[in-house]
Each structure stands twice: as structure tokens, then as C-alpha cells.
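> Residues per chain, in single letters:
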Amino acid sequence: MGTTIANPNPGSALEFALPAANAPTVVVSELTKRFSSRSSVREMIGGRFRKVATVVDQVSFEVDEGEIFGVLGPNGAGKTTIFKMLSTLVVPDDGYATVCGNDIWTEPARVRSRLAAVSSDERSLNWRLSARENLLLFAALHKVPRREADGLVGAMLKRVGLEGSGHKMVAAFSSGMRQRLLIARSMLARPKVLLLDEPTRALDPISAQELRQFLRNELVDRQRCTIVLATHNAEEAFGFCDRIVVLNKGRVLATGTPSDLRARYGEERFRIVTTDPDHPCFGRLEAMGVMRRLVRDVRTADGWHTLECSITGDASRTASVLEMLYANGVRVARLERVEPSLADLIARIIEATSKGISNA
Amino acid sequence: MRETVAMIRAAWLAETSYRMNMLFSLASLLTMVVPLYFIANALQSTMATRISAEGSQYFAFVLIGATTYMFIAACTSALPSALASAIGKGTLEAFLGTPTNWATLFVGLSGYNILWALVRASVMIAMGVALGARVALHGLIPLVLIVFLLVLAYGSVGLIGAALLLRYRTTGPLLNGVLTASALLGGVYYPTYVIPSWLQQVSKAMPLSYGLRAARQVALLGQPFHAVSHDVIILTLCVTALLPIGILCVATSLHYARKSGTLGHY
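Chains as they are written, first to last, in our numbering: chain V, 1 to 360; chain C, 1 to 266.
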């Protein structure tokens with residue numbers, strides 16, 4: 001899988017493994033995790049003392065360097081457990097995974113030095129310490145040389161826009177500030193791989209957008225960091241990630257680029273904002289099989305109506321639909337693509353799989 | 001080492017952010033030592049002959065006993081309470097997600113509690129000396145060595161407690177049981193030879209019995225280190241037996257928690 005760079009002083013921190021050129025940065029192969037839980041009294045009477053649930057079931061995917069890879073799934077899909085296994089906090093039952101060529105089974109310390117996990121759990125910060133003190137502690141735990149630590153902490157605070165709040169106690173921070181501090185903390189390790197578990201969960205839409213821009217511009221484009229992002233927000237996954245794996249109940253349902261998944265499992269869904277929802281042109285387009293109205297009509301207070309519809313074909317077909325609406329005098333204020341909801345996507349993939357037309 | 005220092009520093013900064021708590025913690029030592037002084041002086045004539053093998057002044061005798069007990073009690077519960085706090089705060093997984101190994105992390109987690117207990121113990125001894133307790137200064141270095149062995153012995157019990165905490169989220173009756181038994185039978189307030197003979201057999205299982213006897217002989221009677229070598233050897237044997245068991249228990253529980261996914265569970 002990788003190439004070992006040996007140094008003249010074996011066993012020292014300088015010896016490390018690098019993935020072979022073009023090798024994926026993260027490889028997850030047939031990873032499986034089962035958790036047991038206590039049975040109810042009734043089940044115990046029936047002689048069943050432990051229940052075993054498979055939370056991650058033979059999950060496989062690969063992530064390339066500098067890629068933003070989305071792990072999309074509802075609650076209980078196994079996203080966090082996969083992240084914990086990659087972070088070596090949970091031991092898998094079967095399968096294997098490597099991070100930068102280092103095996104999570106046999107080289108957990110090396111994996112932890114290449115990878116940083118950012119939980120959305122703000123509690124993992126010490127709220128009684130200042131932002132700077134929190135970062136200095138983790139700089140030491142990440143073995144950042146002492147003479148570099150202070151400068152690095154300052155730089156990280158600046159990079160996440162907290163340079164003016166470094167001496168403020170974390171307890172006084174907003175959720176967004178804590179989230180940014182968690183990212184700054186993970187970046188202290190100069191990781192090659194960043195695991196982000198629902199990073200925008202506690203953020204308002206503007207802060208979430210800023211965070212995504214920061215991740216793309218700063219970490220991926222500038223530092224060539226690989227990001228694996230867990231989310232149950234399909235809009236975020238489709239709008240932000242280069243590739244996505246869709247999980248449900250611990251199993252991989254589909255993997256691909258957003259456009260690939262849309263093409264395979266989603267009809268192109270659009271939202272049209274118009275003042276003429278009952279214009280005969282819509283009926284004609286439906287009769288021609290070009291368009292299908294899905295959500296009929298949502299009227300806004302100022303007289304606009306919103307239609308949700310699917311349009312078959314590519315972008316040029318959508319453009320010609322818009323031209324046709326204009327040509328027929330339909331007043332259209334906006335036509336925009338709507339990302340499929342997670343529930344829709346999963347339902348469609350399951351439906352497609354059962355029909356045997358899945359590419360998987 | 002740097003990681004341990006950073007963790008102790010962070011714990012110190014967090015503790016000092018509760019300023020009143022810190023002040024009360026130090027002030028409470030006054031309420032411990034002063035009553036001890038009056039009670040010990042009141043009992044001096046009764047206890048003088050009973051403690052003759054370990055000292056002549058009952059206040060100094062009980063000061064060494066109470067201070068050592070307070071210190072080893074803090075050392076025993078340092079790691080379990082720090083782990084419980086880290087699990088509760090959600091910082092344990094964040095720590096274990098760094099390249100620092102778990103042994104260093106656990107030393108760092110418990111380090112502040114142990115150092116703070118050491119400060120409190122030193123303040124207690126200094127207050128006792130100021131109130132008239134007679135301690136042989138040349139016995140201080142052997143005393144430190146004996147207390148260090150006691151810390152390792154009771155710290156090993158703490159490791160077993162930490163293992164129970166990682167496995168079952170409670171230390172059960174282990175720590176309280178060991179500490180209560182040690183307080184009653186380890187010779188904290190009276191020498192072990194004044195308790196009933198059948199209980200003396202139980203007291204022989206307490207590392208504190210050997211540690212306190214040796215500590216008093218060097219610190220109060222001014223005896224040379226070789227005079228207490230028998231007790232020190234037994235104490236060393238206790239450490240040799242308990243420490244590997246403690247480390248093995250923690251390693252096993254940590255692996256279990258990683259296997260069962262319960263590392264960060266409350």
C-alpha cells in the first residue's frame with residue numbers, strides 16, 4: 001500500500017510511511033463494527049442476555065489526497081463510528097483501514113499523528129481555559145516543538161478568525177467560535193487528513209457557509225489537506241463535497257460524485273418562482289414529457305408562487321424550458337436547482353437497488 | 001514529560017479560575033491541624049507510652065499519620081476522579097486522539113491532583129511544626145522515599161480503580177474500602193500494635209502500616225534508614241506486586257472501552 005521511508009535511526013519519530021504516489025490517502029475496506037447492548041428483562045428471561053447490533057457493516061471507500069469526501073447518512077448510519085475507528089478510538093471487528101499508508105490496527109500512533117478528528121462536541125474543549133491555553137495544551141500533546149508552539153497557536157487563531165479572542169475564556173465563546181476553535185485545535189497537528197463530524201450542526205447558515213469556504217480555500221486548496229466530512233445534510237454534501245458515500249443502517253448504499261449520484265438516483269429537481277402557476281405553458285411542457293410538477297404551488301405573501309418540478313435532460317434542456325416559459329409570457333423570477341433531501345435520496349437508492357438498476 | 005507538564009499546567013489554570021475554591025481548600029487545612037493540635041495535646045499523657053516505639057510526642061505522631069493519609073488518599077483517587085471528570089467533560093477522547101500515549105496522558109491527568117495534595121501536605125507539616133511538632137530534619141529524605149513508595153502502592157490501587165471506572169463507570173467500593181481500612185488499621189491515629197491481635201493480622205495487609213511505622217521512626221525518632229529497612233522492603237514488595245497489576249488492569253479496560261465503543265460514554 002505504501003512506501004516506508006526509513007531513517008538511519010530506526011524507531012525514532014523520523015521513520016514514517018508515506019502512501020505510494022497516487023495511492024488513496026484514506027482506504028477503508030470491509031470495515032465492520034458490532035456493538036452489544038443489554039437485553040430487556042423479558043429478553044433475559046428468554047435466555048438472551050446481550051443484543052448485538054451491526055452499526056458498520058462491511059463499509060469500503062477510498063479518499064484521495066486533497067479531496068473533500070462526504071459521508072452522508074441519517075442518524076445511526078454509522079458515520080461517527082467510522083470516524084472513531086479511523087481515529088483509533090474504537091477498535092473494528094473486521095476489515096481494515098489505512099491513513100496515509102498507516103494501518104489503524106498496527107500503527108495507531110502513526111495514524112493519530114497524520115489525522116485529526118474534529119467533533120462537533122464543544123465539550124471536548126476546556127471551557128475554563130482561554131482559547132490560547134486550550135491550543136497550547138494540544139500543541140504539546142501533538143508534540144509541536146516548544147519554540148514553535150506559541151507562534152503556531154497565534155497563527156491558527158488568526159486563521160480561524162479568533163486572534164482577538166485568544167485570551168478569552170472558552171466558556172464565553174459562541175457555538176460558532178467554539179467550532180472554529182475546534183478546527184484550529186485539530187490543525188495544530190498539521191494533519192494530512194481531517195475528519196469533520198457534522199461541523200456545521202450548531203452554526204447559523206452564514207457561519208456554516210464561511211466555515212465551508214475556509215475549509216475549501218485554506219485547508220484543501222492551500223494545504224492540500226484531505227477532508228472527510230460526516231453530515232446528514234444532503235444539501236451540504238451535494239454542494240460542498242467532491243465525492244460522497246451514502247450510508248444507511250451501517251451499509252454503503254452508493255458512492256460517487258454529487259453529479260454522478262444525481263444522475264443515477266435523482267431526477268433533476270428545480271424550483272420555479274412565478275406569478276402564473278396555472279399558465280397553460282406548464283401543462284404543455286408536462287404533456288411533452290419535459291417537465292413534471294412535484295410540489296404544486298406555495299404562494300408567498302407578495303403574490304409569487306413557488307413550483308417544484310423535475311426537468312428531464314441536461315442543463316441545455318433546462319435553459320430551453322426557461323426560454324419557452326419566457327416566450328409564452330410566463331413571468332419567472334427565479335429558476336434554481338433543488339438538492340434532493342437525504343430521505344428522498346435514500347428512498348430512491350433503495351428503490352433503484354431493489355429494481356436492480358444500481359450501478360453498485 | 002512536556003505533555004505531562006502541559007496537562008498539569010492546564011489543570012492548574014482551570015483550578016485557579018475558581019479562586020474562592022482554591023482559597024477555601026488551603027484555609028480548610030487550618031481547621032484540620034489546629035483541632036488536631038489541641039486533641040493530641042489533651043491525649044499526650046495517655047498516648048505517650050503507647051506510641052513510644054514510633055515517637056514520643058502524640059501531636060507529631062498524629063500529624064505524620066493524618067498528613068500521610070490525606071496525601072495517599074488523594075493519590076489513590078487522583079486518576080479515577082480525573083478520568084471521571086475527563087469523561088464527563090468530553091475531553092478524554094480528544095486526549096486519546098492525539099499521538100501522546102495513554103500512560104503519559106494518565107500521568108498528566110492525575111498529576112495536578114497529586115501535586116496539589118503534596119502542597120497541602122507540606123503546608124500541614126509546616127503548620128504542625130509551627131505549632132510545636134518535633135520532626136527530625138535529617139529524617140526528611142528517607143521520609144520522602146517512604147512516602148514515594150506509599151504513593152506507588154496506593155497509586156496502583158488507584159490504577160485498579162481507574163480500570164473499574166473505564167470498564168463499569170464506577171470504582172465501586174474499592175477505593176473507599178481500601179482507604180477506610182487503611183485509616184482504621186494502618187496506624188494513622190494510633191499505632192497498629194494497640195489494636196486487637198486478630199485485627200493486627202488484617203493491618204499487615206495494609207501498605208500504610210509499614211509506611212507509617214517507617215516514616216515515624218525516621219522523622220520522629222531520628223532513626224537511620226537501615227533501621228527501617230524491613231518495612232521498606234515489604235513496602236517495595238507491595239509496589240512490585242501491585243503496580244504491574246494496576247497497569248495491566250488499566251490497559252485491559254482501555255482496550256475493552258475501545259472495543260465496546262464506550263470510551264467517551266458517561
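If you are wondering where the hints come from, they were derived from the structure by calculation, not from laboratory data.
Ideal placement from N, C-alpha and C gives every residue a C-beta, glycine not left out.
Hints may be right or wrong, so weigh each one.
[Claimed, not checked] Computed list of lysine-lysine pairs in PhoX-like fashion (alpha-carbon distance at most 25 Å, straight line):
hint, chain 1, residue 1, chain 2, residue 2
1, V, K249, C, K259
2, V, K143, V, K158
3, C, K204, V, K51
4, V, K168, V, K158
5, C, K89, V, K143
6, C, K259, V, K168
[Unchecked claim] Partial list, derived from the structure: chain C residues whose beta carbon lies under 7 Å from chain V:
hint, residue
7, R2
8, A103
9, H230
10, D231
> Against the earlier hints, flag every one the structure doesn't satisfy and list their numbers going up.
Structure breaks hints 3, 6, 8, 9, 10.
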